[in-house]
Amino acid sequence: MNGLAVTLELTLASIALASILAMLMAFARSYGKQPLPFFVLLYEKIFRGIPLIVIFILIYFGLAQVGILIDAFPAAIIGLALHSSAYQIQIYRSAINSIPEGQIIAARSLGMSKLKAIRYIVLPQMLRLSIPGWSNEFTVVLKDTSIAIAIGVIELMRQARYVIVRDPTSALYILLVIAMIYFIFVFTINRGLSYAEKKYHISGLELANAR
Amino acid sequence: MSMLEVKNIHKSFGSVEVLKGISFSMEKEETKVVIGTSGTGKSTLLRCINQLDPPDIGEVWLDGEELTHPSSDINRIRQKIGFVFQDFNLFSHLTALKNVSIGLEKVKKITKEQAKERAIKELRRVGLEKQINQYPAQLSGGQKQRVGIARALAMDPDLILFDEPTSALDPELIGDVLDVMKSLAGKIGMLVVTHEMGFARNVADEIIFMEGGVIVEQGPPKQMFQNPTMQRTKEFLGRIATLYGEE
Numbered sequence: 001m002n003g004l005a006v007t008l009e010l011t012l013a014s015i016a017l018a019s020i021l022a023m024l025m026a027f028a029r030s031y032g033k034q035p036l037p038f039f040v041l042l043y044e045k046i047f048r049g050i051p052l053i054v055i056f057i058l059i060y061f062g063l064a065q066v067g068i069l070i071d072a073f074p075a076a077i078i079g080l081a082l083h084s085s086a087y088q089i090q091i092y093r094s095a096i097n098s099i100p101e102g103q104i105i106a107a108r109s110l111g112m113s114k115l116k117a118i119r120y121i122v123l124p125q126m127l128r129l130s131i132p133g134w135s136n137e138f139t140v141v142l143k144d145t146s147i148a149i150a151i152g153v154i155e156l157m158r159q160a161r162y163v164i165v166r167d168p169t170s171a172l173y174i175l176l177v178i179a180m181i182y183f184i185f186v187f188t189i190n191r192g193l194s195y196a197e198k199k200y201h202i203s204g205l206e207l208a209n210a211r
Numbered sequence: 001m002s003m004l005e006v007k008n009i010h011k012s013f014g015s016v017e018v019l020k021g022i023s024f025s026m027e028k029e030e031t032k033v034v035i036g037t038s039g040t041g042k043s044t045l046l047r048c049i050n051q052l053d054p055p056d057i058g059e060v061w062l063d064g065e066e067l068t069h070p071s072s073d074i075n076r077i078r079q080k081i082g083f084v085f086q087d088f089n090l091f092s093h094l095t096a097l098k099n100v101s102i103g104l105e106k107v108k109k110i111t112k113e114q115a116k117e118r119a120i121k122e123l124r125r126v127g128l129e130k131q132i133n134q135y136p137a138q139l140s141g142g143q144k145q146r147v148g149i150a151r152a153l154a155m156d157p158d159l160i161l162f163d164e165p166t167s168a169l170d171p172e173l174i175g176d177v178l179d180v181m182k183s184l185a186g187k188i189g190m191l192v193v194t195h196e197m198g199f200a201r202n203v204a205d206e207i208i209f210m211e212g213g214v215i216v217e218q219g220p221p222k223q224m225f226q227n228p229t230m231q232r233t234k235e236f237l238g239r240i241a242t243l244y245g246e247e
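Chains S and U supply the protein sequences, listed in that same order. For reference, each letter of the first sequence is one residue, going 1 to 211 in the working numbering. For reference, each letter of the second sequence is one residue, going 1 to 247 in the working numbering.
The following block holds chain U by itself, in its conformation from the complex (with noise of 0.2 Å):
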């Protein structure tokens, strides 16, 4: 059995059917991005996993344990999913330090001292020893968005989701996220959602493209990049060649 199982899931809001239907499988310390136009459900497909938004229909298995269970316990399973946003949602009245420090000690329960020793140790392998003590408002987009992968890395979790990391970001600021990430690869699962063609053609193991709340096509980078099968899935990546530029 794979690391996480999505089966069949299917979300609505309201009368809106936004995912209709999604199964894919992640092993361990894997690297899958999914890609897709904007509304085409690859935000709420996040949220579905880790039960922020809970999926009407489908199940979602880690490491054996069914999360859509109505008798899981969801907040012992959401320790093993890292969850980065797009708008960071940094803890404003907590430092740098504390915002990766504060679910070691109010979650996982081990000491402060510890907890602070990891914090630091986590903040230091993003780039940020500096700034432990500043607060989110005295950090840069670049900065806050590294603290939040710190604060997802410090949990140790079997697979951290991200939900756009760097769509907030000016544009100078994205290559020191990406580099985070990338040295994340191979060492814990990723879960992407993310624009940047660069990050997914050269980290991912795997492309997910994603459209009308289906996935249309996955494969590896190369495969998909160079010949995707689906008519759908070159119109795509044309359309962001256009934008962006190729690589």
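Okay, chain S solo, but in the shape it has when bound (with noise of 0.2 Å):
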């Protein structure tokens, strides 16, 4: 079950540094001068656009002919990571706009730098707004480490083509339980994000939205 460990590692990784990625972008659309919010958003239309699978090769293969080498491993997570951070932007940049701005007004008021403001006021409230988007990515990144079979890496997919290679008979058996192992995965995340939502989230805004 060596490939089950990869693809946990691949995913929580590349989610990881997907997030942090994306979240810095979305505050530099939304807060930079110019031409950060214009660099970001060029960084969102190319990654969008190309298929991961192409994203893979392009680092793995591409990047071998101008002489650098990546590992198979650290070439998935970089390009997983990219791929969804593109993605990620959207979600933290919807939440930030859903702060009513008032309260950066009201933060600066106070004395705080713009920065305290994002950090203290606009940060809390993006996180727990980012809970539904962000579940919903983190199990896309789980299901497309799938995708670095192409490049090499021996993770859940991988491992299930050595097992059936061996024993072609036992060919959809062998996915069956592969398809279950990820959709077991994919279930018990979504739960735990959905009970962290109910967790954080703030007392009686619900209320006054329906209002």
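Where hints are given, some of them may not hold.
[What the hints assert, rightly or not] Computed Cβ-Cβ distance ranges for the label pairs, DEER-style:
1. HIS69/U <-> LEU115/S: 21 to 29 Å
2. GLY67/S <-> HIS69/U: 47 to 55 Å
3. LEU115/S <-> LYS187/U: 30 to 38 Å
Hint data in this document are derived by calculation from the structure and do not stem from the laboratory. Just so it is clear, CB atoms sit at the ideal spot from N, CA and C, and this is done for glycine as well.
Hints are included, so try docking the two chains, each in its own frame, into the full complex.
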């Protein structure tokens, strides 16, 4: 079950990297001075526009041609992070946009710098508001790790292939087991995150929105 | 020198000049009320004073320091100027207590315990000791605004700017907020933009009447309400009286 561990490592490392990247870029896009927001937009368009498998192959085989050699595993992490962060920017940005501008003005009027206002007022609200979108993205990344098979990372799918090659008659059975494993993971993570969403919700807020 | 000096402030948004040269001054612990029709730049004036919207021309001085100077440390000076907003602008992820204490903790850098103690004191002062652990969405409009006032008070400002603090409230909730403001009169400088003529008449040391981006007339409430010298002041107060009724 080595492949299982690799799949998990791949997911966690790339989602962590992607989240940090995406948050920084979302803040840059919302609060940065030009040309920063423009570059973020460009980044978003580029990495949303290229299929993940092409990104993998570009990083692993393409960069090798110009002398930059990256191992398959880190290459997969970078590829997944670049791809996922381009999507995650939108999650954080829509969360930021839904926080009333007046709260930042109020923070500034207390003497907070722009950075402090973002850190203490925007960030905590943004994180809460992003949980539903983020948990969606988490499961997408988890499933997308299977595409790393293309550059030879020995993750869950690749290991399944090894077994199937050895005993072709077991193909259907093995693939069903693999599908089951992915499903159990995704299901558990979604449950966990929706629990977190409830736990960290802001009291009375949904009430006020419904009014 | 007065506590607050506003000198010849001009402010434009695009091609529209909202403020066309405003000058006045305020002494320590004085209450001034700014009245005038909507869209004459009263709120803009307040935002120009604490540099939320820096003026294009003109100077603002507080305690002998020029806020409009490019090298002034505005984040430090803003601690001395409270701001109470029309639509409250409370931090929705924080309890009433935290809304009041966060400025003390993160800006004034005092310890959590001291900040909490001070916040409770200010919330008690505005009559909300029972609501300290509630979130803004669980409070009524009048309670929210009182948290807003407590938040401003906790920073120990020399001056609080009130931007139409009661105009987003239901009529029956206005009284509580005005009572809190009355209790502050004479203890802290207050510059209040409002349509509450009762408050202006009873609490203000001076009334400033603005129209078309300039100060038309200013003076003590008695003189302004009984013998305004300018025809426009007379007309405005007459219109207000028919709208809201005489006190």
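Consistency of the hints with the structure:
| no. | hint | result |
| --- | --- | --- |
| 1 | HIS69/U <-> LEU115/S: 21 to 29 Å | holds, 22 Å |
| 2 | GLY67/S <-> HIS69/U: 47 to 55 Å | holds, 54 Å |
| 3 | LEU115/S <-> LYS187/U: 30 to 38 Å | holds, 33 Å |
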